[in-house]
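Generate the whole structure from the sequences, applying the supplied hints.
For reference, the chains in residue letters:
2 protein chains.
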Amino acid sequence: MNQPRPVFFISDGTGITAETIGHSLLTQFAGVDFDTTRIAFVDTADKARAAAEQIAAAGLRSGLRPIVVNSAVDAELIALLGESGGLMLDVFAPFILPLEQELGMKRQARAGQAHGLVDFAAYESRINATNYALTHDDGVDLDYDEADLILVGVSRSGKTPTCLYLALHYGVKAANYPLTDDDLESEELPKRLKAHKRKLFGLTIDPVRLQQIRNERKPNSRYATIEQCRKEVARAEALFRAVGLPSLSTTHTSIEEIASKVLAQFGIKKHMF
Amino acid sequence: MNQPRPVFFISDGTGITAETIGHSLLTQFAGVDFDTTRIAFVDTADKARAAAEQIAAAGLRSGLRPIVVNSAVDAELIALLGESGGLMLDVFAPFILPLEQELGMKRQARAGQAHGLVDFAAYESRINATNYALTHDDGVDLDYDEADLILVGVSRSGKTPTCLYLALHYGVKAANYPLTDDDLESEELPKRLKAHKRKLFGLTIDPVRLQQIRNERKPNSRYATIEQCRKEVARAEALFRAVGLPSLSTTHTSIEEIASKVLAQFGIKKHMF
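Note that the protein sequences, when read in sequence, are chains A and B. Okay, so the first sequence: first residue is 203 according to our numbering, each after it adds one. Okay, so the second sequence: first residue is 203 according to our numbering, each after it adds one.
Incorrect hints may have been included.
The list treats identical chains as interchangeable, and a pair is accepted whether it falls inside one copy or across any two copies.
[Claimed, not checked] Derived lysine-lysine pairs resembling BS3-like cross-links, with alpha carbons at most 27 Å apart: (1) Lys393 - Lys308; (2) Lys463 - Lys249; (3) Lys463 - Lys396; (4) Lys249 - Lys401; (5) Lys399 - Lys463; (6) Lys399 - Lys472; (7) Lys249 - Lys433; (8) Lys249 - Lys393; (9) Lys472 - Lys401; (10) Lys463 - Lys308; (11) Lys401 - Lys463; (12) Lys396 - Lys433; (13) Lys472 - Lys249; (14) Lys249 - Lys471; (15) Lys472 - Lys433; (16) Lys401 - Lys471; (17) Lys471 - Lys420; (18) Lys471 - Lys396; (19) Lys433 - Lys399.
If you're looking for bench data, these hints aren't it; they were derived computationally from the structure. No experiment lies behind these values; they were computed from the predicted model shown.
Set out below in structure tokens:
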């Protein structure tokens with residue numbers, strides 16, 4: 203059997219930048235088996251030496267040169283990591299010089315800064331949005347005046363994780379409203395939603411997939427029968443069409459993609475935290 | 203007044219990779235005012251042309267050359283975007299050739315693939331973990347056998363958003379337990395936590411900051427007095443020390459950093475979604 207190729211995501215901060223770009227790079231080499239390890243907060247020479255030893259050991263063990271996706275910015279730390287013998291991919295390095303030239307200034311190098319210090323205002327907007335999503339989940343609280351947007355769909359169509367993702371990443375206040383059997387009897391919007399039509403976005407899902415998800419949650423319930431799922435989805439989609447709601451199928455769409463498309467639909471410019 | 207420098211995060215997918223690395227790059231140039239715009243799902247020549255026009259217009263308006271952080275991989279799309287006249291920073295380009303050489307194969311170029319198709323198993327692990335976090339939030343459900351870890355701390359110390367972040371991004375099942383006045387009367391672990399000591403991680407926070415957060419939530423309550431916050435935090439920290447729990451102050455720490463440090467503490471290797 204082939205050994206997997208060792209890959210290390212190294213950072214002087216959380217490692218999220220290194221892991222995000224590294225993961226995107228690796229998916230462009232389908233069929234290769236990678237063994238990924240994250241080493242975060244490498245912000246001293248000692249930690250860089252320890253990381254380099256760990257990388258070198260993985261190379262010896264596997265007989266394959268490790269790939270090091272590195273977002274640490276300090277030259278000394280980078281040099282120490284390079285002693286591992288791994289293939290160094292420094293994620294910021296290629297872009298610093300062109301940016302310095304364009305902006306007419308030197309970047310400020312400081313370990314760990316890439317992810318910034320905590321901005322209390324930004325933190326609060328994320329936390330407030332998260333609390334909002336939690337209290338306006340599944341129609342629990344129906345006061346939607348404060349909502350930036352409201353996701354509408356049948357139970358288990360992906361509303362809750364999308365709302366939480368929008369809150370945690372963008373500080374967007376997203377409520378969600380589950381379409382009940384009663385709601386689905388007509389092709390009109392439920393009364394409580396009518397005043398907020400411009401904030402609504404529909405989520406739909408393939409009935410077979412929905413049935414799988416519901417069956418995991420409530421095995422052998424009526425709720426999880428394929429007939430019930432088919433009926434609810436067909437009616438929800440008919441409702442979206444009848445009232446002209448923008449909508450999206452979540453069946454083959456990741457949470458990130460749903461969130462991204464919803465933001466694009468509403469032209470929400472908030473940047474990611 | 204100076205015009206802000208226009209910056210565009212362009213992607214053939216969600217734009218998360220471009221935005222993550224772009225944002226990290228920009229923070230290295232403190233003091234520059236940037237006006238950032240995300241254009242996601244640029245996966246056709248028409249969309250690339252429209253994006254290029256939008257970029258060029260921003261350049262004209264501001265009188266400053268736009269910066270384009272681009273994660274689209276198709277050469278034709280990149281060329282069209284380049285016609286905007288912006289400074290092109292292609293986030294994958296510098297790393298593809300070294301990776302191709304190291305792996306002895308060509309990468310597979312396909313628009314939008316960087317973020318992959320949806321992997322149902324991964325999706326399910328995120329959703330299940332999110333449901334777990336929601337049902338095991340603030341001591342609602344006390345069955346911790348399934349938990350990967352349990353965050354412990356006083357009310358509003360940052361437990362809930364961290365649990366949700368761990369669930370959405372890593373598929374980690376994180377429960378949280380709020381320390382009540384009763385719990386804080388002794389320096390022993392609450393009975394329900396004793397059996398799970400190896401899964402526990404303490405969160406603490408500066409009492410002045412805690413007071414601010416609580417006061418926003420319940421203005422002028424006893425809960426939000428500085429005396430109450432000081433007392434709870436001091437006792438929680440004493441408890442962590444007495445029973446030897448690993449802990450972290452969330453005062454100056456972003457959700458990403460808390461999550462990262464918690465994963466490192468438990469040696470959880472799950473990779474980011």
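Are the CA atoms of lysine 433 and lysine 399 at most 27 Å apart within a copy, between copies, both, or neither? within (24 Å within a copy, 47 Å between copies)
I want to check one pair: lysine 463 and lysine 249. Are their C-alpha atoms no more than 27 Å apart within a copy, between two copies, both, or neither? between (40 Å within a copy, 15 Å between copies)
As a check of your reading, is lysine 463 near lysine 396 (CA-CA no more than 27 Å) within one copy, between copies, both or neither? within (23 Å within a copy, 45 Å between copies)
Pop the pair lysine 399 and lysine 463 into one bin, within, between, both or neither, using alpha-carbon distances up to 27 Å. within (18 Å within a copy, 42 Å between copies)
Within a copy, between copies, both or neither: which one fits lysine 472 and lysine 433 at a CA-CA cutoff of 27 Å? neither (37 Å within a copy, 38 Å between copies)
Are the CA atoms of lysine 471 and lysine 396 at most 27 Å apart within a copy, between copies, both, or neither? Answer is within: at 25 Å inside a copy they meet the 27 Å cutoff, but 46 Å across does not.
Between lysine 249 and lysine 433, at a C-alpha cutoff of 27 Å, which is it: within one copy, between copies, both, or neither? Classified as neither: same-chain Cα gap 58 Å, cross-chain 36 Å, threshold 27 Å.
Given a CA cutoff of 27 Å, do lysine 249 and lysine 471 count as a within-copy pair, a between-copy pair, both, or neither? Only across copies: lysine 249 and lysine 471 sit 18 Å apart there, 38 Å inside one copy, limit 27 Å.
Which holds for lysine 249 with lysine 393 at a C-alpha limit of 27 Å: within a copy, between copies, both or neither? neither (59 Å within a copy, 38 Å between copies)
Regarding lysine 472 and lysine 401, is the shortest C-alpha distance of 27 Å or less found within a copy, between copies, in both, or in neither? Within one copy only: 16 Å inside a chain, 36 Å across chains, cut-off 27 Å.
Please sort lysine 471 with lysine 420 into within, between, both or neither, judging by C-alpha distance up to 27 Å. The answer is neither: 38 Å in one copy and 30 Å across copies each exceed 27 Å.
27 Å Cα cut-off: does lysine 401 pair with lysine 463 within a copy, between copies, both or neither? within (14 Å within a copy, 37 Å between copies)
Consistency with the previously given hints fails for numbers 1, 7, 8, 10, 15 and 17, ordered from lowest to highest.
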